[in-house]
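Protein chains: 2
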Amino acid sequence: MHILVLGAAGMVGRKLCDRLLRDGRLGQAEISRLTMHDVVAPKKPEKAAILVETVEGDFAVAGAAETLIAGRPDVIFHLAAIVSGEAELDFDKGYRINLDGTRMLLDAIRKVGDGYRPRFVFTSSIAVFGAPFPEAIGDEFFNTPLLSYGTQKAIDELLLADYSRRGFIDGIGIRLPTICIRPGLPNKAASGFFSNILREPLAGKEAILPAPETVRHWHATPRSAVGFLVHAGTMDLVAVGPRRNLTMPGLSATVGEQIAALKRVAGEKVAARIKHEPDPFIMSIVDGWPRNFEARRARALGFTTAEKSFDDIIRIHIEDELNGAFVN
Amino acid sequence: MHILVLGAAGMVGRKLCDRLLRDGRLGQAEISRLTMHDVVAPKKPEKAAILVETVEGDFAVAGAAETLIAGRPDVIFHLAAIVSGEAELDFDKGYRINLDGTRMLLDAIRKVGDGYRPRFVFTSSIAVFGAPFPEAIGDEFFNTPLLSYGTQKAIDELLLADYSRRGFIDGIGIRLPTICIRPGLPNKAASGFFSNILREPLAGKEAILPAPETVRHWHATPRSAVGFLVHAGTMDLVAVGPRRNLTMPGLSATVGEQIAALKRVAGEKVAARIKHEPDPFIMSIVDGWPRNFEARRARALGFTTAEKSFDDIIRIHIEDELNGAFVN
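These protein sequences, in sequence, are chains A and B. Quick note on the numbering used here: the first sequence kicks off at 176 and runs consecutively. Quick note on the numbering used here: the second sequence kicks off at 176 and runs consecutively.
One or more hints might be untrue.
[What the hints assert, rightly or not] Simulated pairs of lysine-lysine, DSS-like, Cα-Cα distance not exceeding 30 Å:
1) B:K268 <-> A:K268
2) B:K286 <-> A:K268
3) B:K268 <-> A:K286
Keep in mind the hints are simulated off the structure, nothing from the lab. The model shown is predicted, which means the values in this text are computed figures rather than measured ones.
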């Protein structure tokens, strides 16, 4: 089996590739080849037992999608995107990458035309929803994004469903919760602070909290996100039917509950490293975001999270990213 | 006020232009100029009191949108589309006109960049919804189209909302019910038979009914459709907020109820001109279509229909299209 990962240098993309190489298989199928693509060169994994190629480039320029598809990958994980804050600040770039790039990929597959029909796993986002919301958003709630990023993801979802229905791809779109705790350096996502306020204090650093503690949001660990992707890459999509885009399970928590969990798991001293500095731009974006979901359909289709509580989310970060130890 | 109508040679487009020329104004504003555009030359109205231009061409080719926008129309009615049956049979054409063409228009407006922000009225469709449905579809039900046409319209709706939010246009999308009774010759829309079975018998001709009498669908007269467009072109959009796409009011009726109304209004002899000839292709499309809507939000925002019953729908056709007389 040949697997192509777009956005392989990103945080979730790297973790997905690590998992695929560690498992050596995706579901029942042995992996023979892994192509890792990103706009910056993905770091080549050491001592891989299979053929691993890294490809650097912009997938949204003419001919790029065709080149990526030339190796006829059996499964494509499409995680490449301009994140929410950047897509809001750079209108053209957001639409070019998040909409046109995805469509170019889908069209490159469609135009092969010899019956080629890869599994196409697309990472969508809960940003396809826009306030006002019900207390918990159900699986049939409409998409009224309040950001260009969410608009682009919602459009991609529609394309994915239509291209699947037409038989060009075997597609599934998964709306990831906000990933928490996101390791590494902050990126341009407006949701960055949900992770910053936990990751930085655990590393002995101060963190800025730009929003009030009452803000409620929807979270899942990187470990869960990789689990969702692997399940999406292997599950039987006949059971999914024509409604190919699913809200993934997650944990709903307020910022206050996040901080309380941090205190329980790591202590008061660590939590005291969080500084409150309200930021109107971040708040204006976050205000339109969802707080809680039902995600019944995804659960019924076998998507499960690795964590049961916010304490688990923090423990998983300490285990997976900090070798079991944080800075007290 | 300068008004641009795209799709001005189409049935609803022609009727809208007739109404605008007859009224001489849109809301409070006097109309000084009307540009009628279509892929086939719109028929130039006789004895118009204002400047009327007709423009023939494909609006989805490079530069066409810029040319159309060059006259800085204050209000744009965008009714141009490849209809459902054709967009399903010709994938490329459907996406090129229904998605790319609309986006080119929106981008041409966006790129003016001097504060130009026209009212942009977009005719969407109930084909943005896909079965299974609740008994009556509410205003917050999700879009899972089962046709490429509906996919394209749903994408256009998302673009319209985002471009409005960004301040490039003052946009509103209105999801028209199936227009009944559609005058003139049948077009390639799969929904054509809902009108054919009434219009043809009233003209003394036989009509083919390709679906069972139990099929329920959602209808409005051409007169109501024009009324919706005029209201959308004049209403205060601040009250609409960021959710810029609305399901229009209509009448829910089964084919059997349509035929019963025809019998009441025109008699048994007229209704006997309907011949039952089931067509699996038409049925496979119609099976995925909505049957009934709540349309509460549109009604609350002042959208009203001209008809109260299916008998009214037939009477309005006889009045508006047949000079009051049908063939007995």
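Status of the hints after comparison with the structure:
no. : hint              : in the structure
1   : B:K268 <-> A:K268 : holds (26 Å)
2   : B:K286 <-> A:K268 : holds (15 Å)
3   : B:K268 <-> A:K286 : holds (15 Å)
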